[in-house]
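> Chain by chain, the residues run as shown.
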Amino acid sequence: MAGPPMPRLSMQGDRVLIGALGACALLSGGVLVLILGFLLLETGPLLASGHVAGALFGAEWHPADHTFGLRAMIAGSLAVSGLALSWAAPAGVVVAVWGRLYAPAVLGRLYRGVIDILAGIPSVVYGFWGLLAIVPAINRVRPPGTSLLAGGLVLGLMILPLCALSTDAGLARVPQSYLRAAAALGLSRFGTLTRILLPQAWPAIVAGCVLQLGRALGETMAVVMVCGNVVEVPDSLFAPVRTLTANIALEMAYASGWHQRALFMSGLVLLMVTMVLFGLTQGLRKRPHED
Amino acid sequence: MRIEGARDRWAAALFGGASLMIMALPLLMLVEVVGAGLPRLSSEFLYAPPMDAGRAGGIGPMIVSTLAILAVCLFAALPVGLGCALYLAECVTAGGRAARALGYSLDVLGGVPSIVFGLFGYRLFAIELGLGFSILSGGLTLACMVLPLLIRVSEEALRATPPSYRQAAAALGLSQGGFLRRVLVPAAAPGIAAALILSIGRALAESAALLFTAGYVTRLPDSVFDSGRALAVHIYDLSMNVAGGEASAAATAVVLVGLLVLINICARRLGQTVHRMQRA
Amino acid sequence: MTRARSCFRNGTTGAALFGLPALFLTAMLAAYAAPEAQKLVLTGSSTIAPLTAELGRRFEALRPGVEVDVQSGGSSRGIHDAREGLADLGMVSRALTAEEADLHAYTIALDGVALITHRSNPVAALKRAEIIAIYTDRINRWSAIGGPDRPITVVNKAEGRSTLDLFLAHFGLRNSEVKPDVVIGDNAQGLKTVAGNPWSIGYVSIGSAEYEATHGGPIRLLPLDGVEASMATVRNGTYPLTRPLNLVTRGPAPGLALAFIEFARSEAARAIVEQQFFVPVDPHVDGQPVDGRPADAPPVDAR
Numbered sequence: 002m003a004g005p006p007m008p009r010l011s012m013q014g015d016r017v018l019i020g021a022l023g024a025c026a027l028l029s030g031g032v033l034v035l036i037l038g039f040l041l042l043e044t045g046p047l048l049a050s051g052h053v054a055g056a057l058f059g060a061e062w063h064p065a066d067h068t069f070g071l072r073a074m075i076a077g078s079l080a081v082s083g084l085a086l087s088w089a090a091p092a093g094v095v096v097a098v099w100g101r102l103y104a105p106a107v108l109g110r111l112y113r114g115v116i117d118i119l120a121g122i123p124s125v126v127y128g129f130w131g132l133l134a135i136v137p138a139i140n141r142v143r144p145p146g147t148s149l150l151a152g153g154l155v156l157g158l159m160i161l162p163l164c165a166l167s168t169d170a171g172l173a174r175v176p177q178s179y180l181r182a183a184a185a186l187g188l189s190r191f192g193t194l195t196r197i198l199l200p201q202a203w204p205a206i207v208a209g210c211v212l213q214l215g216r217a218l219g220e221t222m223a224v225v226m227v228c229g230n231v232v233e234v235p236d237s238l239f240a241p242v243r244t245l246t247a248n249i250a251l252e253m254a255y256a257s258g259w260h261q262r263a264l265f266m267s268g269l270v271l272l273m274v275t276m277v278l279f280g281l282t283q284g285l286r287k288r289p290h291e292d
Numbered sequence: 003m004r005i006e007g008a009r010d011r012w013a014a015a016l017f018g019g020a021s022l023m024i025m026a027l028p029l030l031m032l033v034e035v036v037g038a039g040l041p042r043l044s045s046e047f048l049y050a051p052p053m054d055a056g057r058a059g060g061i062g063p064m065i066v067s068t069l070a071i072l073a074v075c076l077f078a079a080l081p082v083g084l085g086c087a088l089y090l091a092e093c094v095t096a097g098g099r100a101a102r103a104l105g106y107s108l109d110v111l112g113g114v115p116s117i118v119f120g121l122f123g124y125r126l127f128a129i130e131l132g133l134g135f136s137i138l139s140g141g142l143t144l145a146c147m148v149l150p151l152l153i154r155v156s157e158e159a160l161r162a163t164p165p166s167y168r169q170a171a172a173a174l175g176l177s178q179g180g181f182l183r184r185v186l187v188p189a190a191a192p193g194i195a196a197a198l199i200l201s202i203g204r205a206l207a208e209s210a211a212l213l214f215t216a217g218y219v220t221r222l223p224d225s226v227f228d229s230g231r232a233l234a235v236h237i238y239d240l241s242m243n244v245a246g247g248e249a250s251a252a253a254t255a256v257v258l259v260g261l262l263v264l265i266n267i268c269a270r271r272l273g274q275t276v277h278r279m280q281r282a
Numbered sequence: 054m055t056r057a058r059s060c061f062r063n064g065t066t067g068a069a070l071f072g073l074p075a076l077f078l079t080a081m082l083a084a085y086a087a088p089e090a091q092k093l094v095l096t097g098s099s100t101i102a103p104l105t106a107e108l109g110r111r112f113e114a115l116r117p118g119v120e121v122d123v124q125s126g127g128s129s130r131g132i133h134d135a136r137e138g139l140a141d142l143g144m145v146s147r148a149l150t151a152e153e154a155d156l157h158a159y160t161i162a163l164d165g166v167a168l169i170t171h172r173s174n175p176v177a178a179l180k181r182a183e184i185i186a187i188y189t190d191r192i193n194r195w196s197a198i199g200g201p202d203r204p205i206t207v208v209n210k211a212e213g214r215s216t217l218d219l220f221l222a223h224f225g226l227r228n229s230e231v232k233p234d235v236v237i238g239d240n241a242q243g244l245k246t247v248a249g250n251p252w253s254i255g256y257v258s259i260g261s262a263e264y265e266a267t268h269g270g271p272i273r274l275l276p277l278d279g280v281e282a283s284m285a286t287v288r289n290g291t292y293p294l295t296r297p298l299n300l301v302t303r304g305p306a307p308g309l310a311l312a313f314i315e316f317a318r319s320e321a322a323r324a325i326v327e328q329q330f331f332v333p334v335d336p337h338v339d340g341q342p343v344d345g346r347p348a349d350a351p352p353v354d355a356r
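Residue numbers (our numbering), protein chains in the order written: chain A, 2 to 292; chain B, 3 to 282; chain C, 54 to 356.
In case anyone wonders, no lab produced these hints; they're calculated from the structure.
Where is the CB? At the ideal position from N, CA and C, for every residue including glycine.
Don't take each hint at face value.
Claimed, not checked - Derived Cβ-Cβ restraints for the label pairs, each shown as a range:
no., chain 1, residue 1, chain 2, residue 2, range
1, C, Gly225, A, Met273, 38 to 48 Å
2, C, Glu113, A, Arg174, 32 to 42 Å
3, A, Met273, B, Arg184, 44 to 54 Å
4, C, Asp278, B, Glu34, 41 to 51 Å
5, A, Asp236, C, Lys180, 28 to 38 Å
6, B, Ala58, A, Ser257, 29 to 39 Å
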């Protein structure tokens, strides 16, 4: 896309300018490296000490006793995010399909507008509403109310708009020629949906939802507010949980020494998982779609 | 495509009904939050300091802190981000190694959890650079967070300018620097402004990264080296720690969401301008 | 022509949008280029935080140009930040341990730890054995102790909080034995959780609980070992679970910090301390440190 050749580097000023731009690019690309670097720096001693397995999979988290087992938190993170995705992803697909295929045009645009707004609402607001409405409701069924279920519902609500948006984008990218061919063959709307649109858009939909899983795993505020923060592997939907992110948020302020290193390590784990998830979606999409 | 036959009608009804039920939940949330917050809203709420732990008074200092954090964030992110976007759009071949490496790095950065940014910002800005809990720490951390979004959208805006501009500049014998400064950037300005605005939206919604960097203090900040509480952090504190703080938290949420809706509309308008230019 | 004009307009809009944040920031920096006010940073116990926040406001009024910044985060944070120099004064709501003898503690008030339930809960008192059983999940319905048949929601404090340490020491428990349903951080969060959950039980600072109860919160303080939980019993020494509220420093407190400590102990501050339902200390009583030597630790009930 560079177009016809420009008189490059024809002046000293140009060289300086290009240099400056390159420096900006280096800085931008370097932020990730810096983050990785700091995380590794902090967790270095922990990783070198050979206690990693104990830290990762130990069951007990008692910083005062120098036991740093992250198992309960890892389970908590996986449980809450898994629960959230399990209902938000299908729901997002349903909503997007209706908006694009079955809704009258005006309503469909309005729909997308509302979803756009919902996608930008801060997580604390979702958490606040969770505390206001969802936790008391669950409390009436089974105390304490702050639980895995509450976290799954609130987190699901958060990723619902983006699942819908990425499904919508995937559906929109299906080439018009396919749709015209379907019409020519006399396929019904439902048939077009199931036989053409969904199969074609499927990689984009899955990629979008996997990305949202990454987002759910990284969410902090909403889960701190509604999950109860008890360090225990959840044994039921109504059990309180603590996620890796909530753990960092709650304890970072006063952690020091090995405690702090353990928290940084959970941050490293989160970062690694994000990178892996992202790598998975790379193959499924050409370009990440805009939030 | 027509809707015909029983199966199609069933499908339409099913999807429609399900969508309605699904969307009822977030809409219920919006209605409840706005309902709880509106009674508390007033012009006094917007400029008075909080009293009684936030149950009374207003959110004036929080708004100032938020704007200050935003300003620091944009001041830091804009030059670097725009420079990087220009570099990507102008100086590297689209599919080349440098572009792909940079693209990957930025895309991953965009997915990093906000709490990890909080850790990083705390370690680098608050401790290493000695800034402590301050608006400066918070703003710089947020700058790192919004960089990927800013660069991505700016780059698209830059690439979207018509090639005829480039040809005209070449015909006129402009240097590359001149072309960038006088033609490309002004032409892409609406898109870049849209990127800016999207970044503002992202930064406003952030709270986890600010917990360890900008701090919790409710006083009106005197300078960027002061600690300040952002709106999102205030909502968190009110809902978690202050019994009876629901109304204030809801009102703060209304203010914050209102700001974000405004930003969303501005970004849309600018985005439409970009599209119009593209087609022209 | 229209395109050139719209280009110009868009360019101007863009420039205005870029210029705005830059202008704002420059204006802020310029306006506040005045020499920075003297700042005193206090971090630590969430029990002491409201008290020092109020004291700080009064202190700022007495000494223009001084700023007092208070952040909570738990007593262990107070210790950590004081040691690392991240805070001028650490707030610690217990006596210092032997490992913390490198720090200097200045007591500014006395407080206690009380168990709290919702006001609508008919159970008015609990025996020591019952409390231990509730917190280790051997009793989990109120009916077992004379209340209605409802599950008990156990609220525990997060690690790093001295209230937790004192509670565990008093009842001879280890944190690994406690089976909570909700874990909270600050006192305020504990109060809010219990206020929102009619069948819950938790423990917080007496000062904060009494404050909340007298300001309309639906909180009931349970007596401990037969002694009513209130500021009065803490003051006359009959309440079994009391603790000093300390401000700690790395070395002997320097100028501004010392001035603040002295203010906190002065006559003028007594009213503020009592307003928060803490017991003020008299700086001239024997045994209270006045010059910064580490406080003699009143023995923590460890059985």
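> All the hints need checking, so say for each whether the structure fits it.
Hints and how they fare:
1. C:Gly225 / A:Met273: 38 to 48 Å: 42 Å, holds
2. C:Glu113 / A:Arg174: 32 to 42 Å: Violated - the Cβ-Cβ distance for Glu113 (chain C) and Arg174 (chain A), about 60 Å, lies outside 32 to 42 Å.
3. A:Met273 / B:Arg184: 44 to 54 Å: 45 Å, holds
4. C:Asp278 / B:Glu34: 41 to 51 Å: The hinted range 41 to 51 Å holds for Asp278 (chain C) and Glu34 (chain B), with Cβ atoms some 45 Å apart.
5. A:Asp236 / C:Lys180: 28 to 38 Å: 30 Å, holds
6. B:Ala58 / A:Ser257: 29 to 39 Å: Given a distance of about 37 Å, which is inside 29 to 39 Å, the answer is holds.
Of the numbered hints given earlier, the model fails hint 2 alone.
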